[in-house]
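**Student:** Sequence order for the protein chains is F and G. 1 is the number of the first residue of the first sequence in the working numbering; add one for each residue after it. 1001 is the number of the first residue of the second sequence in the working numbering; add one for each residue after it.
Think of the hints as simulated: they come from the structure by calculation, not from any bench. Each hint should be verified, as a subset may be incorrect.
The calculated label-pair distances, taken between Cβ atoms and stated as ranges, are [claimed, not checked]:
#1 Glu1189(G) x Gln550(F): 41 to 51 Å
#2 Gln550(F) x Gln1138(G): 36 to 46 Å
#3 Ala1132(G) x Gln580(F): 53 to 63 Å
#4 Ser608(F) x Arg1173(G): 51 to 61 Å
#5 Val1165(G) x Gln550(F): 25 to 35 Å
#6 Thr1051(G) x Glu119(F): 28 to 38 Å
#7 Val1165(G) x Lys558(F): 31 to 41 Å
#8 Lys558(F) x Ala1132(G): 28 to 38 Å
#9 Arg1173(G) x Lys524(F): 29 to 39 Å
#10 Glu537(F) x Gln1071(G): 17 to 27 Å
#11 Glu214(F) x Arg1064(G): 43 to 53 Å
#12 Lys558(F) x Arg1173(G): 21 to 31 Å
#13 Thr1051(G) x Lys558(F): 22 to 32 Å
Ideal placement from N, C-alpha and C gives every residue a C-beta, glycine not left out.
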Amino acid sequence: MKIIRWIYGLLTVLCVAFLGYSLSVGNRLQTDLTALLPEQNQIDKVLQHADATNEKQLNTQVILLAGSVQSEKAFESIGKIAQLWQKSGIFQAVDSQIVPDWSQMQADIQDLRLATLPEEQAHLLIHNPKDYFQTYAEYIVNPFGQTSILSLEQDWLGLGRFVGEQARASSRLQWNAENGFLFVEDNKGKTWVYLRGVLPEKHINGEKLLNLLEESRVIAQQNDAEILQAGGAIFASLTKQQAEKESQIMSLLGLGLTFALLWWAFRSWRVLGLMLPLLLGLVWGLAVAIFIFNEIHILTLVIGTSLVGLLVDFPLHALTPALFRQNNESWQINDSIKKILPSFATSLLITVLGYALLWFTPLPILRQTAVFSAFSLIGALGATVFLLPILFREAPPLSSHLHYVCERIAYFLLKIKNLFKNIIILSIFMGVTAWGLIKSDWRDDIRQWANLSPNLLNEMKKIGKLSGTDWGGQYVVVEAPNDETLWQKNTEIHQKIQKFVDSGDIQSVQSLNQVLLPISMQEKVQERLRELAKQPETWQALVAVGIPEQTIIQALEKQENIQTLTPKESLQKPLMQAWQTLYLGEIEPQRVASIVRFQGVKPESLESLKHALSTIQGVHWADKRAYLNNSFEQTRNQAVYLKLISYVLAALGLCWFFGAQRGMRILLIPLLSALVTVSILGYLHIPIGLFAMFGLLLISAIGVDYTVYSLTAPHSAYGKLGGMLLAAMTTGISFFLLAMSQTPAVATFGLTVGLGVILNFVLATWLLPIDFKNKLN
Amino acid sequence: MKTRFFTLIFLLISPSVWAFSLQDLSQVLQKPQHIQGEFTQTRQLQNSAMTMKTNGKFVLIPKRGLLWHTQKPFDNRLRVRAEGMMQWNGQNWLAHTRKTGQTQQIQLFLDLLGGNAQGLEKQFDLSLTGQANQWRLQLNPKSMIMKKIFQSIEIKGNSVVTQIVLHEKQGDRTTMDFQRIQTNTPLDEFAQKHLK
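Excised from the complex, chain F in its bound form (with noise of 0.2 Å):
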């Protein structure tokens, strides 16, 4: 014992040591909410690839409209607001006002005018160039529509005057000459002055990034603008800063409530000792878990702040007993713990065994909470073991009105329990119980994991609608073996899609194809335009307005600048970056691949979209929503066969501990809460997830824990009902707390554990020796 006592000690002074030590040289704490993902690395390079390029854009990119009906407010809000943005520091860089410069702008459009030609013009070029001169002939002419950054000495043949308005993507915003922002109306008759951000990729410091935005949204409130706002950024920073705040208060909510309890039925101020187990255990949870991942997730924490309950259950079932010693007894709490110490160290072993089996799980958040959890017991039992004999050498005062508390509930329970004798009333609960099972809806979903604002999801939309900005809308990811072949497949793709957006299922597409030509087809437009030299009746329209035929001849025939280039070498042109992110480029030898963006589709018509594209070779869905929820799923079910695997351990191990009997006794009450518990659920319409799914397994180690005690101990029959109730209320506490969590995910699992732990409670009174006739009357 002495030896373990010095293993224990040296341990925790290791923790204690690693710990402080490691928290000093770094922040240890995860909040990036995609750390909760599992790992992916069974899915494709190609789809990956699209994925990260996807995600950093969503997650670099801040974007704020100023609005206000006088449209000075709004533009005047916005330079206040980007020069506050610019002084931050937090972005990379700050889009607010465009300076175009011209010259650059004059080389990038003579290089692209040909890959980016419209197809429909290249094809009017070809087969009726007749019409595309006299067409051109009018827009030379027309002084209200030239919109050409090149001069006409720069294009003679005026395949320039496209590339600006190509390269514009499906944006809504305009661009305001006076100052250079970017603005649209809204049909209110609003301006909507557009701001944008660029985060660096790491390091975001979200409460800088909050607070900043609340400083915008008061400068523009001074001005009399409205402010929408969005950005992954903006999602994340919440969230974290959410969790922080609920784990501070949960924590702190759950210590005060859990110790005014103790203090109630202890009436002494000792009970604070039993901090320790509860500091320890967590010291312990902290610094292994950080030893083995390098760092923890706060998710982690907020789930393993609710440990708070679950640790100090060892302590309470040492101490309580003596709260009900008849009068003259002698209480030793040494006595007292070696008394408890096997069937508690049973109990432990099975708990921790439902902990480890989680290891085995690929998602990160479940192996850290399994290592946490299953330290954090380990720490407190030892503190509980070695130290909490120093803290409690006398007994405490005996407690007459715990006392009273007890038998008021052990008579309530017993008669509950005699209802249940009653068979008709059994086969009712029965009957309602397998129902609720019947009823639960097993699923998991990612929006349950966050709890995203919906201001911020309404702001998000409208900003949608009125810029065009893509907000993490559907796409396909195409792949083919070469540029040209890409080119065909978008094309297909467009062409099936824009049958869509005309029936107003899909709001809008975004293909590669709509902006650059195939390097075959510019090569084909280039041979044309040679033979039209020869053709002057095609472009007798150009000699009309006062171009000499020589020139026309001229520029035909040398083609000056007019250049094939490659889908790779277009976008690289800073005037294409609205459409680089579509071109995935060659991930792999001989597998190009390429972005097909959707926005707006129609729920309904998802399926048929789905149904038209599946005959096209080499496209990929990339919905990674429904790609997560499946891996939620299969990790789920990988811990339910965990758990499965766990209940047959345990009932080894009980079986060879207390005997077959008795073990199988102890295994049904776990069963039976858990059970109760996911029809509970059923009837609450509350999906069971993967967190359901793990406060499931809580429940059970906790109903091995009280049903071994109230079998096994060897204490009065009140002083094990006494000590139940004291650790089941402090478990509820925590766990209760963590049912009103913001983040769905979380609420769910704290409400799982609650419920079961009250479930767990009674039944295990159930299995209690206690005569109740005799006492109360």
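Based on these hints, arrange chain G on the given structure of chain F.
**Tutor:** Coordinates of chain G only, in the frame set by chain F:
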């Protein structure tokens, strides 16, 4: 009494007091219900010493729009309104695809022809010389984009605009001369039908 009367007369005819202001110009130009006439547009390219000439008829109804009917070298009818430009194909008006900056350009021309000084002042520094019966308005760009496109713009006129000269930044010069201008005379059927 007499002296005071003469002072008054003197003040009334003195150009410094009775100066022709932008506001007055706007009022004069915006007076007619509609204007119609002929135009000649000459574009001179700087580097090629080349002249491109077109002419035709136009009808302007302020706030309704402008019909711009090119007759030479080819027949082409445009209807220009603040919200966009359309082309007549013999039966219908076809919308020109709406392009960035085009609305601004259209607005500029409608402002130039209609004498909307307020609109022009947003993008140009205006300086007006002359009298009501013969004035000259010089526009020097102040907004970023106009500075990129225009060196300056000159407008001349009397009770109506008679000439607009666009000096483009790259050296090209476009001159629009308006002749046979009539105000408030009956419009032809086409104009009545398509500008109302």
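**Student:** So which hints don't hold here, by number, going up?
**Tutor:** Hint 8 contradicted; others consistent.
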